Amino acid sequence: MNRRLRQLALPALGLLTLVVVSAPGLLAPLMQALFPEVAEPVYSRASVGRLISEHLYLVGVSSLSATIAGLLIGIGVTRTSGRAFLQLAQDATSLAQTFPPVAVLALAVPVLGFGFTPTVVALFVYSVLPVVKNTIAGLEAIPANLKEASVGMGMRPVELLVRTELPLAARVIMAGVRTSVVLNIGTATIGATIGAGGLGRVIIAGLVRDNTAWVLTGAVAAATLALMVDWALARIESSFYSANETEV
Amino acid sequence: MIEMQNVVKRFDEVEALSGVSFSVPEGSLTVLIGPSGCGKSTTLRLINRLVEPTDGDVLLRGKPVKSFQPEELRRGIGYVIQSVGLLPHLDVRENIGIVPRLLKWDQSRIHERADELLELVGLEPDQYRAKFPSQLSGGEAQRIGVARALAADPPVLLMDEPFGAVDPLNRETLQDEFASIQKKLRKTVVFVTHDLDEAVRLADEIVLMRDGRVVQIASPEDILEHPANDFAQDFVGSDRVLKRLARFGVDDFTEGGSPEPVADSVSRLPYVATPRDHPARPIWRVDADGRVVGLSLEGEDSVYRPPEPFWVRGSGSLREALSLLLYLHVTHLAVVDAERRFVGEVSLAAIQSVTRRGSKAVEESEERG
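Chains A and B, in that order, are what the protein sequence lines are.
Position in the first sequence counted from 1, then plus 169, gives you my numbering.
Mapping of the second sequence onto my numbering: position 354 corresponds to residue 342, and the numbering continues sequentially without gaps.
One chain only, chain A, in its complex shape (with noise of 0.2 angstroms):
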């Protein structure tokens, strides 16, 4: 019972908090409260709702696609054929996670030019990273005993895929699912700088206009988001698997 609430207040108290910033009714006394100082404690160039709709779109895409990508790299080079990759990809992750995430976006506005999708290729090209150290990691990290047992009994390597090795690495690989949205969500805010939208234009916003009641309200409704959408991962994972099973 007592699990039970804890493990509902958490999205209750973000749902609430996420009510509170996209309603500028609730914010604006809350804000005066806090920054007495500030003129104008509420963005008011666009609704707070809709830099998080729009922030979650961003996210949603290259968080998708680097998550669809990062699976099959990782799947790519623990195969027999893929193998002569597997190193130069555990290189490749490591040291692109060493680039800090608005130098990735510098390099990518003189390509891609500035707006959507050059952010959108910035954040998959950062959150591709996690998932394939993950994937990989997990699949290597399968008892050669269980895969020998499954071959053993007839898999074909597609069914051995399938039934043994990404049922077996599903946490870690989830794992990293998990951080890269997280990190993708906080990366995010960045895109604003090159005009991508998102809550990071309230962050900027107040950064420029040293508006410290805008880079609050901004980077409250990216954490609480952050924290969110982990917790709603949480429990899509945790309804794979059976209570017994979660005892391993």
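Treat the hints as calculated values from the structure; they're not laboratory data.
Since this is a predicted model, take the numbers as computed values, not measurements.
Be aware that a few hints might be false.
The list that follows gives simulated cross-link-like pairs (lysine-lysine, DSSO-like), each with its CA atoms no further than 30 angstroms apart [as the list claims (entries may be wrong)]:
1) K172(B) to K92(B)
2) K119(B) to K92(B)
3) K92(B) to K54(B)
4) K119(B) to K51(B)
5) K316(A) to K51(B)
6) K92(B) to K316(A)
7) K92(B) to K51(B)
8) K51(B) to K172(B)
9) K119(B) to K316(A)
10) K119(B) to K171(B)
11) K51(B) to K171(B)
12) K54(B) to K316(A)
Restraint-style ranges between C-beta atoms, simulated for each label pair [to be verified]:
13) S407(A) to R(-2)(B): 26 to 36 angstroms
14) A313(A) to L157(B): 25 to 35 angstroms
15) L91(B) to L241(A): 44 to 54 angstroms
16) E296(B) to S407(A): 32 to 42 angstroms
17) E100(B) to A403(A): 30 to 40 angstroms
18) P326(A) to Q95(B): 17 to 27 angstroms
19) L241(A) to G152(B): 55 to 65 angstroms
20) P193(A) to Q95(B): 54 to 64 angstroms
21) Q115(B) to P180(A): 48 to 58 angstroms
22) Q115(B) to A192(A): 51 to 61 angstroms
23) E100(B) to L185(A): 48 to 58 angstroms
24) S407(A) to K92(B): 50 to 60 angstroms
25) P326(A) to S6(B): 51 to 61 angstroms
26) Q95(B) to R172(A): 49 to 59 angstroms
Sample of chain B residues facing chain A (criterion: CB under 10 angstroms; computed from the structure) [claimed, not checked]:
27) P58
28) E59
29) R63
30) G73
31) P76
32) H77
33) I86
34) R89
35) G133
Where is the CB? At the ideal position from N, CA and C, for every residue including glycine.
Could you slot chain B onto chain A? The hints should help.
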């Protein structure tokens, strides 16, 4: 059923098998045994094409295994490995159903089959079918491993040290259970082990290997009685006479003996510490139900009730009987059934009739050496 024809296997520069030939008759259990690195596991894996030979042929029912699709071939061959390899994300029933599912059996048939097999390996279906591998003991997991290998009723079973990871006590139980399953099902089994006792206990035929070659192919009795060379002799060990005795059942060496009922009630028999150190043949005393309760010695009237069991089960081995004979320091033991009812007696002389041939063989090989 299975035939190895001069099989050679090289891994890069290393020759793992240098011309291995033997055949496994249908319905028999052949044990491949030898020290680690002798090539026994590689040999086993040639049969289901987990390893491909460099040279030579592996035949299954007269057809080279390379003429089969590897996956089709493997679905028709049960495979049990030492670490069991149950998939942790599937419950017991799903694990047993892996091959049937690959063969596209319908769900209800798979469920039926799983229950049937759980019963065969001595696990209550209601209690076990929904468990996950993490909830099973080593012995239980191993039983599921055997059930899974039998799921699609394959004629051939390959077992790679299947009981190697189980503690000795459970291992013996599993061996006995498997022996009785095999007696029922009569699969063609190739069984890899490095444990000679296990081989002696289970094998119809033993293939002794060393450094990628076959040293000797013989029945357990023969290999213990006539090891082919020094290596074989070392391998079977200096206690091979005892190991050989494990192959013989007490039942087959039981002689008549005529028990005499005890007149008095059993509890009033004089309690005697020992009939030890008495070489004479005792007269067995039984109660009204035919249960052995005591013994009398020739020329004495008293009925003794020894404090320790002085009987062996007919289903036991001569090795157990000998052990008890030596321990009690007597020449005869009563043989009883499961309810301890008198069946007959077994004597040291009867056991010696088995070992005498063995000891002659020892002398012969010593002369040769």
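Each hint tested on the structure:
1. K172(B) to K92(B): Status holds; Cα separation ~27 angstroms.
2. K119(B) to K92(B): holds, 23 angstroms
3. K92(B) to K54(B): Holds, because 24 angstroms separates the two Cα atoms, which is no more than 30 angstroms.
4. K119(B) to K51(B): violated, 40 angstroms
5. K316(A) to K51(B): holds, 27 angstroms
6. K92(B) to K316(A): holds, 21 angstroms
7. K92(B) to K51(B): Judged against 30 angstroms, a Cα distance of about 25 angstroms means the pair holds.
8. K51(B) to K172(B): Judged against 30 angstroms, a Cα distance of about 27 angstroms means the pair holds.
9. K119(B) to K316(A): holds, 21 angstroms
10. K119(B) to K171(B): holds, 28 angstroms
11. K51(B) to K171(B): holds, 26 angstroms
12. K54(B) to K316(A): Holds, because 22 angstroms separates the two Cα atoms, which is no more than 30 angstroms.
13. S407(A) to R(-2)(B): 26 to 36 angstroms: violated, 49 angstroms
14. A313(A) to L157(B): 25 to 35 angstroms: holds, 29 angstroms
15. L91(B) to L241(A): 44 to 54 angstroms: violated, 29 angstroms
16. E296(B) to S407(A): 32 to 42 angstroms: Given a distance of about 59 angstroms, which is not inside 32 to 42 angstroms, the answer is violated.
17. E100(B) to A403(A): 30 to 40 angstroms: Because 38 angstroms falls inside the window, the suggested range holds.
18. P326(A) to Q95(B): 17 to 27 angstroms: holds, 25 angstroms
19. L241(A) to G152(B): 55 to 65 angstroms: With a Cβ separation near 39 angstroms, L241(A) and G152(B) fall outside 55 to 65 angstroms, so the hint is violated.
20. P193(A) to Q95(B): 54 to 64 angstroms: holds, 57 angstroms
21. Q115(B) to P180(A): 48 to 58 angstroms: Distance hint for Q115(B), P180(A) is violated at roughly 39 angstroms.
22. Q115(B) to A192(A): 51 to 61 angstroms: About 57 angstroms separates the Cβ atoms of Q115(B) and A192(A), which means 51 to 61 angstroms holds.
23. E100(B) to L185(A): 48 to 58 angstroms: holds, 53 angstroms
24. S407(A) to K92(B): 50 to 60 angstroms: Violated: the Cβ-Cβ distance is about 31 angstroms, outside 50 to 60 angstroms.
25. P326(A) to S6(B): 51 to 61 angstroms: For S6(B) against P326(A), whose Cβ atoms are near 32 angstroms apart, the range 51 to 61 angstroms is violated.
26. Q95(B) to R172(A): 49 to 59 angstroms: Taking Cβ atoms as reference, Q95(B) and R172(A) lie about 34 angstroms apart, which means the hint is violated.
27. P58: holds, 8 angstroms
28. E59: Status holds, d = 5 angstroms.
29. R63: holds, 4 angstroms
30. G73: holds, 3 angstroms
31. P76: OK, holds: P76(B) within 10 angstroms of chain A, min 6 angstroms.
32. H77: Because about 5 angstroms separates H77(B) from the closest Cβ in chain A, which is inside the 10 angstroms limit, the hint holds.
33. I86: holds, 6 angstroms
34. R89: holds, 8 angstroms
35. G133: With a closest approach of 9 angstroms, the G133(B) hint holds.
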